[in-house]
Structure formats: structure tokens, C-alpha cells
Amino acid sequence: MTPDELDALLGAYALDALDEDERREVEAYLAVNPRARAEVETHREVATLMAFGGAPAPEGLWDRIAESLESRAPQPGPELARVLPVRRRRWPTAVLIGVAAAAAIAAAAVTVAVVRDPSPPPSAIDGMAQVFDQAMSDPDSTRIVLSNEDSSQRAVAVVQPGGLGVISLRSLPDLGPERTYQLWGVIDEEVISLGVLGPRPGVEPFTVEGDLTALVLTDEAAGGVTASEQPALLSGTVA
Amino acid sequence: MRDSFSDVSDAALVLAIARYHQEALAEAYRRHAGAVFGLARRLLGDQALAEEIVQEVFLRLWNDPDRFDPLRGSLRSYLLAHTHGRAVDALRSEGSRRAREERDARRTAEGGYDVEHEVWDLATADQVRRSMRRLPDGERVAIEMAYFGGYTYREVAGRLGEPEGTIKSRIRSGLKRLRSELAIAGISVGED
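If you're matching them up, the sequences are chains A and B in order.
When we follow my numbering, the leftmost residue of the first sequence carries the number 722, and every step to the right adds one.
When we follow my numbering, the leftmost residue of the second sequence carries the number 5, and every step to the right adds one.
Not one of these hints is a red herring.
Stretches of chain B that chain A covers, calculated by requiring three or more beta carbons in the stretch to come under 8 Å of a beta carbon on chain A:
id: 1; segment: 40–51
id: 2; segment: 61–74
Calculated Cβ distances over 12 Å to all of chain B for the following chain A residues:
id: 3; residue: Tyr750
id: 4; residue: Asp871
id: 5; residue: Pro894
id: 6; residue: Glu911
id: 7; residue: Pro920
id: 8; residue: Arg921
id: 9; residue: Asp940
id: 10; residue: Glu941
id: 11; residue: Gly944
By construction, these hints were calculated from the structure, which means they are not laboratory data.
Ideal placement from N, C-alpha and C gives every residue a C-beta, glycine not left out.
Pulled out of the complex, with its shape left as it was, chain B reads as follows:
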């Protein structure tokens, strides 16, 4: 039998991780660490902090693989959701507020929340970008500021000068609309 896990599904990889197969974790890392690192660095604007998040995310998968449920989504989505939560926690910590302001200043110099600045190395990413462009501006900006900026919807409302209720509605309706756009593009998410 081959030792490699390169051909097995993500769900099977996690089962192997639960049986302490370090090679299975290495394969999960090979498949998803780039996306995890990319999201963490985008949110935090800090290479060292992003590396810490990557380390934490994969150690959590190793120590607690049962948290991943293949019926609730892909492994990449699970890892990215954890990455996002931890990065946002780091951003919102008191000591990071100044760093966030500095990061935002750098972003402004680099072109703000332009998703096209990111490295999109998958065809899926390209489709998502196209689908994002089809959202109404208000929904797209609210989602991007919340997701990639790490702001609460209240903070987004404050920065945009919009009512809080409007922003939370735009985020929810925007996510639903994005899901529909993705379905049109052939990317199915969740059950109907």
C-alpha cells in the first residue's frame, strides 16, 4: 500500500489525522496552508502574526479533529472559518487596535479593499471574484469590510455613515445574493 495521502479526500484525511497520522496533517497543510496564510495575512497585515495563526489552526486540527464535520462544509472552509475568527480576535484585542489603523493606512496606499490585489490561484477564486462584482456596491463593500477588514457591522456602519440596521441587512442579503450568483456560476454552496 502507498504511504502517501495525496489521493484521499479531505474527509478521509481528517479521519487519518484523528488516528494520529502526521502525514495526513502534512497533506492537509499542503492543500490548504496557502489559503489559510493568505487570509490571515490579509486580515492582520503582519507576516509573523499570520504565521502564528496558521500554526494554531493546524495544531487545532491535529489536537481536535472531531470539530470538523464533513457534512457541514469543506475542510478548507472549516480551516478558513477558524482562521478568520482567530485573526479577528487578534485584530480586536486592545493591543492590536493601533496595528489595525496602521494596516488600514498601508492598505489605502496599496489600493484599499480591492480584491484584485490578492493572489487568486484557483479557478474557484476567479468565479467568486466575478460573482462579487455582480453584487450591489453597498452589499459588496459591507461584506468586504466586515470579512476582510475584521470590523463589526456597527463599525462598518460608523465608517460608512450608514444606519447599523442597513449594514446588517446588506451583509445578510449580500451573502444570500452571492450564494445565488455562485450557483449560477456552477459553484453550489449548502443545501436548498
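Looking at chain A on its own, in the form it has when it is part of the complex:
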């Protein structure tokens, strides 16, 4: 098919109204044509508006879904790539680090689990920037400014009331492929790894359960560590 013929099918494609052969041809076209992709996305957004409304979901359906979640709980992967704070096991730190001492987390024994995706796609990063902006404009959010000793480097984190946090590290330097930034939280007097952020993170999400009193950022070997022996690059306490 010619590009014009493929363009003519974009509306029907967005409505799932193509035969299988045509659908495959259009998808190959979309893979190399951002303009056509954008058109399809807009058509889909318009189409789904037609389905707004609906009916109350049947009683008991959520319970069935929730049961499936338990039986399908993802298992940690083989490599220590990112830290999953929500399903982590919380063990007391060997040395409890108080808020005042949060500038260093040497020898903090923290157990971590692994999330599934070590590197979010670029579009997700842009989406996180959007989430960061939204969180910053939420008056109920908690903002934490992290800085080094002479305040020459800073980062800003914001934690929403539900415990979802986002940290912007856009001003920090690229650490190179062998290193990574890692974020730690002092939560209920335990030091918890909140995420292995990569060598040049932009805006990264994390979650907090419990009473967060401080955030600390360290420079670690690529892949992250379960217990840091590095000094804090940046740290900040909750006001």
C-alpha cells in the first residue's frame, strides 16, 4: 500500500476495525512514522471518549481481581537492578541512623528486593517529570531539599500524601556506566533503600511507607548495593 492508502486506514485502525493483514501493514507503517502514530493516538483518545460513562462494575469483581494479584505476585528478578520499597522485607539496621546523622549511611544493613524494569523508557521519564510538577503543585505534599555540605549541589524531592515520592536530580552530573545514584530514606528509624536511580537520572519515582524523616543520596557501583558504605552525596531532612 502507498502512504496515502495507509493514511486512509488510520481511523479504522484506531477503532480496531481492520482485517488482520491490513492491521499488520498499518502497524509496520506506524513503527516508522511518528506523524501517523500521533494521528492514531488522537483518534483513539476521541474514540474512547465515546465510551465514557458506563455502568457500575459488578459486585465481587474487584475481589476476584485482588485474589489474582496475590497468586500472580511477580517474583524478584536475578539481578539487583532497582529497589522495590513496597514489597521489601524490613529488617532493622545494624546501626540506627538518626536524622541528624543522615549525612552518612556507612554500614547500614538494609535488605532490598528488585523491581522488574531497571530503566524506564524515555516517555516514562517525561511522564515522571509531569508527575513531579503535579506533586510540587500539591499543597499537601511534603518537599525535601537535599544538598551537599557546602550547598553547591542540590536536589528536590516531593512526597505526596499517599506516599508516592518523586525526586528531581536533573542538575547532577553523569556518573558514567560503572556507577549509579542510589536513594535512601530514613523511615521509622530504619534506613531503607528507595531506589537505584541510574548514572544520570532525571526525575525518578519512589514510594514511602511510614514516617519519613530524611533522604540521602549516594554514589554506588552500577546495580546498586544492599548496604552502603559510601558517604552521602546529598542529604535532606523533612521539616
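Once you have looked at the hints, place chain B on chain A.
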């Protein structure tokens, strides 16, 4: 800090889902399951099948949250697009063809493709309905048969006795026109 996710945006909800917050998925379900179920039931005409689709859609969000890109549209649109695709797959499966004919027969008894029969519980839905009415009949019918009937444009053409090229053009131009009508009504979709 509050445990509830009731105040966070959809994009933030999905990030929390990616961190295995079941409460975040529950909140996404609370916000969107009605629309998902409504679309699935409308397409399939079958309560049990529609429930299966709802279950599948939310499990997919749980297992694969990275598929949702907040820059490409709303979470509801993402969920509904998946719902539509899965429901259409079910409709087009060989075993469902007879069920579709039976569903269409019931629809005829209930008033055909009259969108006013559906439950519109949002102001947005009301605006969309008004905008749909402003489309030329040929475009509106082609879109409704394809989207809510689950027919391919070729099948729509066959049922209406129109050339296939005419139907695919009407679907595309109708969607563009609907977008313009929605913009006039204050509902902006996509980037210009």
C-alpha cells in the same frame, strides 16, 4: 502520611502500581472499572464475558504498567482502548460469531445503536453525545458500527451497502470532525 491514593493523579497511580501498591490499583479500579465494564458489556452483550475483560484489563495494568504512557493520553483512554481491542478480538473469534448475531438481534429489539440507551454518568459523556449528534449521519453511523459494533470497516460497508473506501474515509473524517466538535465544547484531545 495518609494511606489513601484517592487524591493522586492517574499518572501517579500508575507509578505506584509499578511499585506494587495494590491500593493504587484498587483506586484505578474504583475510578475506571465502571467505564471499562460498560464498554465491554456494550460490545459483547454478555455480562460474564464483560467481567472477564475487566479482570484481564486490570491485571494487565498490574503486571505491565509501563505500557501506559501518560504523555499519550489519559489512563481511562488507555484502559478503554485495551478493553475495546480485547472485546473485538472476542467478538471476531469464530466461536463468537453466532453470539454476535444474537447480540445484534437483541440490540434491534432494544433500539439498535442508539447511544442514548447507555448510561452516561459523566458530564464529558454528555458533551460527547452532543458532539456525536452534530456529525453527518454517514460518519456517525460508520463510527458507531465500527466502535460499538466491533465490525471491520469492510463489514460496515457490507452491512450499509456502501463502498469500502467510502466507509474508511467516513470513519477517519468523522473522528477528525468529532475531535473538532469536542474542542468547541471545551474538550481538548491530543496536540494540534
